[in-house]
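Assemble the whole structure, with the sequences as input and the hints as a guide.
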Amino acid sequence: MTEPITQNSSLFKTIGIVGVGLLGGSIAAAARKRKLAETILGAGRNPSRMRAAQHSGLLDRGTTNIAETSAQSDLVIVCTPVNHIAHFIRTVARNSRPGTIITDVGSTKQHICEELYGTLPEGVTFVASHPLAGSEKTGFEFSDPELFQNRSCVVTPVDSLPQEAVNKVIQFWEALGMSVLKTSPQKHDQILAETSHLPHVVSSALASTLADENRKFTSTGFRDTTRIAAGDPSLWVDILLNNRESVVSSIDKYTQSLQSLRNAIDNNDENELRILLEVGKRNHDALNSSQ
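Residue numbering for the sequence shown follows our numbering, starting at 7 and increasing by one per position.
Quick caveat, the hints were computed from the structure, so don't treat them as lab data. The reader is advised that the hints may include incorrect statements.
Pairwise CB distance ranges, derived in the manner of DEER restraints [claimed, not checked]:
1. N273 with D150: 39 to 49 Å
2. S295 with Y260: 17 to 27 Å
3. S190 with E44: 28 to 38 Å
4. K19 with E284: 46 to 56 Å
Calculated lysine-lysine pairs in the DSS-like style (CA-CA distance at most 30 Å, straight line) [said to hold, decoys possible]:
5. K259 with K287
6. K39 with K19
7. K193 with K287
Yeah, the Cβ is synthetic: ideal placement off N, Cα and C, and Gly gets one too.
This is the structure we're talking about:
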């Protein structure tokens, strides 16, 4: 069990964030509000964006120099698209001091962990994380210091990692208001394919069926159901292809469920249709009762 963080105590002297978008910016905002670090640094590709994030008060310093940010940080959180995470973690690790801890926010874990665990310089530890929080919006302008409050974060360490580093990463997410769950990288990807990646596929597919001339007839039901289809397509291409096998398996399972509903409707089977709809309602209602 990790030790609680006392009010106004810094968990890290300096936190570095690589990729200051919605998640990176929200981490900075949440860490600053909760006084989890004395200094918060940010690194990204666009100099003007980094200056703007600094001027907004999210960062003490924003730069395009990842090596400099890494060398000065005790904890580095990589918040880039998933297909770039392993590359940036290697860059961070090469420039970090012994004792530095690195984590990430990637929504796929198996490929990243297989590439990185056991390969980094001695004294630098990578503990893979996935905070289950976000939005269809992008950019640090939408940063929210409460984005992580009462949400879950999945951490996927292996037995060979230093327990002190794992505990510090867990403490960090807990200090942002999250409940931490631990599992293997492989299990994480199987679960998230069902709970996160499949819903995006379904939402996008449903939005794609809408004829232009029918758009004016949509109401809250259609808009709510397709909300997450507004997510950045480039980000989601990376996520879905990085977790291809598990996503395809979840799509197959969903297709079977959809086919059962189709058959009940096509066969005018009122009893079977009611049973299927009741199962869906029961599973949905259980989500609220388990919060």
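Verification of the hints:
1. N273 with D150: 39 to 49 Å: Once the Cβ atoms are compared, 47 Å apart, the range 39 to 49 Å for D150 and N273 holds.
2. S295 with Y260: 17 to 27 Å: Roughly 23 Å apart at Cβ, these two residues keep to the hinted range, so it holds.
3. S190 with E44: 28 to 38 Å: Given about 34 Å between the Cβ atoms, the range holds.
4. K19 with E284: 46 to 56 Å: 55 Å, holds
5. K259 with K287: The given pair, whose Cα atoms are some 18 Å apart, holds under the 30 Å limit.
6. K39 with K19: 15 Å, holds
7. K193 with K287: Distance of about 26 Å is within 30 Å: holds.
Comparing the model with each numbered hint stated earlier shows that all of them hold.
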